[in-house]
Amino acid sequence: MTIAVARDVDQAPATPLIEVRGLVKHFYAPGGRIVHAVEDVDLTIGRGRIVGLVGESGSGKTTVGRTLLRLIEPTGGRMSFDGTDVFALSAREMRQWRRRMQIIFQDPFSSLNPRLTIRAIIAEALDTRGYAKGRARLDRTVELLELVGLSADHASRYPHEFSGGQRQRIGIARALAVEPDFIVADEPVSALDVSIQAQVLNLMEDLRRRLGLTMLFISHDLSVIAYACDEIVVMYLGRVMERGSSRDVRIAPLHPYSQALIAAAPVPDPSRRRVHVPLGGDIPSPIAPPSGCVFRTRCPKALPACAETVPPLTDVGQGRFVACLRVGAGGVSL
Amino acid sequence: MAATSTSMDAERGILAGLLRRPPAVAGLVVLVVIVALAIFASQVMPYPPGQLSIRSRLQGPSLLHLFGTDEFGRDVLSRTIHAGRISLAVGGTVVVVSALIGVTLGLFAGYFRRLDPPLSRLIDAMMAFPDILLAIALVAALGPSAVNVVLALGIVYAPRVARVVRASTLVIRELAYVEAARALGVPTPVILVRHVLRNLASPVMVQGSFIFANAILAEAGLSFLGVGVSPDIPTWGTMIAMGRQFMDQAGWIMWFPGVAIILSVMSLQLLGDALRDLLDPRLSRTT
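Heads up: the protein sequence lines correspond to chains A and B, in order. 1 is the number of the first residue of the first sequence in the working numbering; add one for each residue after it. 1001 is the number of the first residue of the second sequence in the working numbering; add one for each residue after it.
It is possible that part of the hints are untrue.
[As the list claims (entries may be wrong)] With a cut-off of at most 25 Å between alpha-carbon atoms, the simulated SDA-like pairs for lysine to any residue come out as follows:
(1) A:Lys133 x B:Arg1194
(2) A:Lys133 x B:Val1259
(3) A:Lys133 x B:Leu1197
(4) A:Lys133 x B:Leu1064
(5) A:Lys133 x B:Val1193
(6) A:Lys133 x B:Leu1133
(7) A:Lys133 x B:Pro1231
(8) A:Lys301 x A:Gly212
(9) A:Lys133 x B:Met1126
(10) A:Lys133 x B:Ala1016
(11) A:Lys133 x B:Val1190
(12) A:Lys133 x B:Gln1059
(13) A:Lys301 x A:Ala252
(14) A:Lys133 x B:Gly1185
[As the list claims (entries may be wrong)] Covered stretches of chain B (chain A as the covering partner; in silico rule of three or more C-beta atoms under 8 Å from a C-beta of chain A):
(15) 1175-1189
(16) 1242-1248
No wet-lab data here; the hints were simulated from the structure. Idealized CB from N, CA, C, for every residue including glycine.
Pulled out of the complex, with its shape left as it was, chain B reads as follows (with noise of 0.2 Å):
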């Protein structure tokens, strides 16, 4: 049984895996402690975020402030925490946004032979544009807000979804199982639950934690351009932007949120990059 491994043993032996794996060992550390931030901002931060202190503006990294205070003395370490919870919750509902419309769009794409054509033709031409551009042009068109913003870029990165599980959707089709349950009479919407979706986990899975890095750098760049959330909520992206005018005489309080994005980024994708070898079957063998 051991040469004949399927996809649940090999489920089994991911986390095992992932840890055998240096970068994917670093990117796991490195996201749990900017999660972990996020989620206790309230009880690690130093400062309130909004504090204001116009005496101690501008002030360099100091023990007092460890990242420094931005141009309206407010501490930096604690506005970067802060906006960590946003751009990370961002981040994690444009998964969801494009997840829900990515697998419904390649299930039935892929289920159904005669919406292929259409829905393929769909999603090539949403990939065919520069996925911030495409964002800009959708939130110019829905209004700034991190509401619209979610949305925007949940339609943008959809289509990555889409192509995965319209791929995979394929293979299942044709595989015995799903005849067996069609031989039985099971209702096709069942099937597509029961014996199509539940055996989609993992590829979606590979796809939304580089959909989730992509989305933290893309809501930094549309905060930064000024389509964003408001610029009064702490983003990373609008705390760059603030701290652009700044950049000669106080470079600080563009380069921390600037280094949280990058580690933050970096440690999602060098999970994806993991996850996606453990998880294709061509590639594991050589675990």
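Chain A with its partners taken away, still in its complex shape (with noise of 0.2 Å):
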């Protein structure tokens, strides 16, 4: 690895909480061929902070949160989560680990069983955290629905009697009801309303301020991770193009596709237009990445030299990194 330590962005402590190395993921497709996922991501996230992982759909962002909790086993690379190698655990130290990290689904209606009332699907959770049946439990379950704005009564209700909103404002309650250290949200809120979408996301910030949370946010929708977060990790076909601070990244993207999808992003203010680059066709496929840089079949700017060598994720100082052969140190586009 040729990367650098992460520089200080605003006040990021000096220890990350989770340092990720070559994270590779493939999956294997019939007739032997390889699905490459995931290649060679390295994130850091402080303590207390949120880091947003962009890209569209078939980037890899999901399986990178999937990884990171052990949901998919990885192929390769590292992960230290407060010193310990989290990729290094048996099955059973993982179960006891899991504890520490959890996840925020996307689908609000496939992430509660609708078999179960909401104080059973709290109850398994404070399972692990050895609260036994009884008074302690139904406090603490109560304790937690307040924390994310339900109350009470609604323990006794299932699923179903639920908007998808309060909803994920149950599988929030049931993430933290762990006290993990780590969470990933996978798209917490792209299956929501945008007026519920809005609530959710303050939700989340009062819980990151209140508890301390540190988060690995995931979303195809810039707005939504521009809002919520302090870092920005854009990934495009399995590896990162471009990491920075959210305002960097989103005032002055660097690299060409991270261009092109905050020009996409559509701009509350009709007087203000952007100039429109457009992105044709559809992201390749991993089974078959394209050589070199895997974003060059698309790239407006792309030289014949991206097909021969993968652009290594480069410190351009201001704690920025790119992965593009067309941006020199100091962010300059050559």
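Hey, can you piece these two chains together into the complex? The hints should help.
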């Protein structure tokens, strides 16, 4: 790895909670073909920070989230969580470790078992924290429901009695029940109505501040990421294209792919128009990714050289990293 | 929320949905009557089922003997009611046995990728045999008795349950709530029971109603062929087998148990059809 230690973006603490190095995930397709879902991804998440993972569908962002929790076993790489190499833990050790990391799901309808009451759903999570059946567990359930803006009398109901936004709150309460240090939020608001999205985002921001949560926030929606996150990591076809503070990436994206993504995001002010960089075609198949830079087939600035080498994620200063041959030191376009 | 109806919503409306379908109502009514007759057999039978009366043998239906009498002068109505007990009990236990075997096989095949190929091949191999033939072979191997008939039929029908359970498990396994449980570190056996099994109830119920119907028919067939329960125990199948010799002179000995088989099998099939339609989300949109 040629990656330098992440520079302080704002006031990132010296030891990050999560350090992922060289994460690789291959799936095996019929006929012995390999699906390169995630290739050589590095991630650093400081304590109490929210890092946003953005990219279009098929970019491998969800797979990254799942492998960090070992819901999918990684093919390669290391992940240091508070000093422990999580990928090296045995199944038994992992079971114990799981209470330190949780996940919030995209689909609030399939994330709750329709046959269990809300109380039973939360209880399952509290069980892993050693809450025995009884008064303390009930009190804690109510406390958690109130924490996410629901009330005690919701506990005896079934998931189908709730709206999407409420279900997402229940999913958040379940994740918080184990008092995790780290949460992967996998598209937590993209299945919700826009008006509800803001409520849930505010709730998450509030919880982050009150509980000091560290989060990996996965979304395809740049405006949501920009709102919720301190840092942005842009992924394309399993690789990281660009990484930097939320503000920098949003205002001055350096990688041509980030530029296209930002340009595609709607601007709330109709009088301000951005130069639109149309991105033709679809994301290529991860079974046969393009040689060299994986983005070159759709890149408006591609050079012949882009087909030859995989551009490394390079530190361009001010805590920004870009994987593009055409971006030099200081973020100057070459 | 109304637009996002879940399986729970669907289940609340099952009874209401059944009552809106005339064939299902007919099936339900007939089934309730048959089951009630079997349960209260000793109260409703006009004669003891084994009571011999050589003087009144082979009598046609009359006010005294509504369904006539058989070659030993036994009351066919009483025997048909009594036989219903055995036939329904055999059918019911076959459902339980096949569900136990089938759910276990299907659950393991569906949840554990490595077990799927061998288990699926086993299920396919079992389904390749004609039902009755496999049942006869099993009973022949185990020896004819009521318990072995139940066991044999349970094994014969288990693959049907297993196939349905496997298919549903493959779907449920990928749902987020199963992943959430894994993320919490919930042990796999608990996930299988709490999250997968509990959501399999509807498809198993549908299969169960069809297996019930098939098992009654198969038991009758086995008994008719002489490889079923002991000929001393009256079941609809043994009654038909015995009555066959007097088909020309006293057809009623086999008609009435035959009608009983047809009614119970049809009512279960109608009920099963309606249940399947109601529980299938692709079809329930039309209701």
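Hints, one by one, checked against the model:
{"no.": "1", "hint": "A:Lys133 x B:Arg1194", "verdict": "holds, 17 Å"}
{"no.": "2", "hint": "A:Lys133 x B:Val1259", "verdict": "violated, 54 Å"}
{"no.": "3", "hint": "A:Lys133 x B:Leu1197", "verdict": "holds, 23 Å"}
{"no.": "4", "hint": "A:Lys133 x B:Leu1064", "verdict": "violated, 64 Å"}
{"no.": "5", "hint": "A:Lys133 x B:Val1193", "verdict": "holds, 19 Å"}
{"no.": "6", "hint": "A:Lys133 x B:Leu1133", "verdict": "violated, 52 Å"}
{"no.": "7", "hint": "A:Lys133 x B:Pro1231", "verdict": "violated, 55 Å"}
{"no.": "8", "hint": "A:Lys301 x A:Gly212", "verdict": "violated, 41 Å"}
{"no.": "9", "hint": "A:Lys133 x B:Met1126", "verdict": "violated, 45 Å"}
{"no.": "10", "hint": "A:Lys133 x B:Ala1016", "verdict": "violated, 36 Å"}
{"no.": "11", "hint": "A:Lys133 x B:Val1190", "verdict": "holds, 16 Å"}
{"no.": "12", "hint": "A:Lys133 x B:Gln1059", "verdict": "violated, 68 Å"}
{"no.": "13", "hint": "A:Lys301 x A:Ala252", "verdict": "holds, 17 Å"}
{"no.": "14", "hint": "A:Lys133 x B:Gly1185", "verdict": "holds, 18 Å"}
{"no.": "15", "hint": "1175-1189", "verdict": "holds (count 12)"}
{"no.": "16", "hint": "1242-1248", "verdict": "violated (count 0)"}
The structure shown violates the earlier hints numbered 2, 4, 6, 7, 8, 9, 10, 12 and 16.
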